[in-house]
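K.L.:
So you can see what is in the structure, the chains are spelled out below.
2 protein chains.
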Amino acid sequence: MKQFPSKESIISADRRIQPYIHRTPVLTSDTFNRMFGAFLFFKCENFQKVGAFKSRGAVNAVFSMDEEVVSAGVATHSSGNHAQALARAARLRTIPAYIVMPRNAPQVKIDAVRNYGGNITFCEPTLKAREETLKQVIEKTGATEVHPYDNYRIIEGQATCALELIEDAGAPDLLLCPVGGGGLLGGTALSANYFSRKTEVIACEPEGADDAYRSFKAGRLMPSINPKTIADGLLTSLGKRNFPIIMKYVKDIVTVSDRSIVEAMRLIYERMKIVIEPSSAVPLAALLENKVNVKGKTVGIILSGGNVDLKNLPF
Amino acid sequence: MKQFPSKESIISADRRIQPYIHRTPVLTSDTFNRMFGAFLFFKCENFQKVGAFKSRGAVNAVFSMDEEVVSAGVATHSSGNHAQALARAARLRTIPAYIVMPRNAPQVKIDAVRNYGGNITFCEPTLKAREETLKQVIEKTGATEVHPYDNYRIIEGQATCALELIEDAGAPDLLLCPVGGGGLLGGTALSANYFSRKTEVIACEPEGADDAYRSFKAGRLMPSINPKTIADGLLTSLGKRNFPIIMKYVKDIVTVSDRSIVEAMRLIYERMKIVIEPSSAVPLAALLENKVNVKGKTVGIILSGGNVDLKNLPF
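Just so you know, the protein sequences line up as chains B and F, in that order. Just so we're aligned, residue 1 is where the first sequence starts under this note's numbering, counting upward by one. Just so we're aligned, residue 1 is where the second sequence starts under this note's numbering, counting upward by one.
Some clues are possibly wrong.
One copy or two, either will do: identical chains are not told apart, so a pair holds if it fits within one copy or between any two.
Lysine-lysine pairs mimicking DSSO-like chemistry, simulated, CA-CA at most 27 Å apart [to be verified]: (1) Lys295 <-> Lys7; (2) Lys7 <-> Lys109; (3) Lys140 <-> Lys109; (4) Lys311 <-> Lys109; (5) Lys291 <-> Lys140; (6) Lys297 <-> Lys217; (7) Lys311 <-> Lys228; (8) Lys228 <-> Lys217; (9) Lys311 <-> Lys198.
These are computed hints drawn from the structure, not numbers from a lab.
Using the sequences provided together with the hints, build the complete structure.
P.N.:
Laid out in structure tokens, this is it:
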């Protein structure tokens, strides 16, 4: 089995992507510090390019490929933030991006990918159709698949988020991170291990999509079946490259209810005056549910993104 | 007539209030810069203490008073951000704050003032009742009235916002600012005059509450009668201390429709991922309506606050 991404590969990713992404701010809130008796540092990836941390991995993947390989383009199936992030990264390197999207994807997401110059191929809205269509696109174009999370270059890119947080706010006692496919969590766990050994990484997951929690407790991958949560960025199941990193370097995984996620989301809008997507609220929901002991500790919290339907806020 | 606040009085206010307020960040947006062909710098008072620039003036007023006068407390009639800001400033100086509020004020605003330790006296929801009740409260307590905008200490405090913007983002060609009573606008115009002579200040006002526009064009104070706008922070009419400052140092006043305000508000949530109140969106609405020529210019925009009913966003 291939080695985990190294410390050097994350430092390289950090250097590689810097010209193309925002170094997002770290915000604090006196209200939340008082509320939880802790020192919370929020890493604001909602302010990132394309509105989510996904820009980091996508840029790293596209810009670390050799010229002769990458010139045929990159491809993925996605209707979410990864599709936009990959289309944007490809345009920055002036190569084509082929995006397979389900026919029923929201128009706003289709438009966003088109705005970044992505070539969209529509398919039936099933995982099977998406994978088969992607295979056909790749055969026809010679493009390279860039998986949204089960890919070491992606994991290295996402790792730069925790690296920046550690550099800008100091090494925290705890680092809280939402988990879906495990790209962000895997990268966060590696960065904590390499750059801040005292930091314990705790993953936070919706109850309705708790495959990471169950897999972590069982010690083997147990994919989600019909996951359901308001945190639509976390519906995916853990990737096979992500899982062993998480087993090794994540201290614990806790789950939270959708009700707490909505409450945490509302609190962040109301008190911090920032726009986040439900997935970003999952770590604060874990504090509301007393699932993590943060008393007196310094706590980094990754707000993963801010792409939300403003006409349908859940509170 | 008393002189306008001096350069030195604004520098003193800046030094006086610094321990008690946030130095709020200045954000930029590539999307908006491309959209308008300009370089926009957003001064984020939505991140300010109490969620609005009002904290600046209130702290300056309370902390610049002599001990023997201030110990009897401060008083105002307000159901908005000034009431909370004054209650907070008074608590910081451990003196009482007496707030007269209309009986029908929203519970959330009543709770907020109480949370800052304010003593509330309720009255009938008319301006006459508010003024008479305030007079009674002051007679009984010996407290000093702190008007929300028609007060030089308040104007000096609000002036520190533009001063910080100029220090942190450089002297802009234009400074755009919403106008209600003229506390923020008066302070902004003075700071531009003292600290950045090349900067032209342009006030932006809702069509439905256009007393500043009409007064500016007529050269005499013309109060609003039954103003109506979604920008509820801008319903008040210009103060008599504010008007001459504005006549002297503001370059122009433009008006915008509520429809453009809502559109600008949505754009700021969607693109900048921050929560603002409608009043904050008025300057960007002026750009959407092509009311200000910003092409190729550096433009400071003051986002005045972020206190909004999240359950009733207008888009």
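K.L.:
What label fits Lys7 with Lys109 when the C-alpha limit is 27 Å: within, between, both, or neither?
P.N.:
Close neither inside one copy (35 Å) nor across copies (51 Å); limit 27 Å.
K.L.:
Regarding Lys297 and Lys217, is the shortest C-alpha distance of 27 Å or less found within a copy, between copies, in both, or in neither?
P.N.:
For Lys297 and Lys217, the Cα distance is within 27 Å only inside one copy (25 Å; across copies 57 Å).
K.L.:
Given identical chains, is Lys291 near Lys140, meaning Cα to Cα at most 27 Å, within a copy, between copies, both, or neither?
P.N.:
neither (49 Å within a copy, 51 Å between copies)
K.L.:
When Cα atoms must be at most 27 Å apart, do Lys311 and Lys228 count as within-copy, between-copy, both, or neither?
P.N.:
Intra 21 Å, inter 24 Å, cutoff 27 Å: intra and inter.
K.L.:
Pop the pair Lys311 and Lys109 into one bin, within, between, both or neither, using alpha-carbon distances up to 27 Å.
P.N.:
both (15 Å within a copy, 25 Å between copies)
K.L.:
For Lys295 and Lys7, with the copy left unspecified, which applies at a CA distance of at most 27 Å: within, between, both, or neither?
P.N.:
The answer is neither: 31 Å in one copy and 46 Å across copies each exceed 27 Å.
K.L.:
Should Lys228 paired with Lys217 be assigned to within, between, both, or neither, using CA atoms and 27 Å as the limit?
P.N.:
within (20 Å within a copy, 59 Å between copies)
K.L.:
Please sort Lys311 with Lys198 into within, between, both or neither, judging by C-alpha distance up to 27 Å.
P.N.:
neither (42 Å within a copy, 41 Å between copies)
K.L.:
My question is about Lys140 and Lys109: at a cut-off of 27 Å on alpha-carbon distance, are they close within one copy, between copies, both, or neither?
P.N.:
within (24 Å within a copy, 62 Å between copies)
In summary, the numbered hints that this structure violates are 1, 2, 5 and 9.
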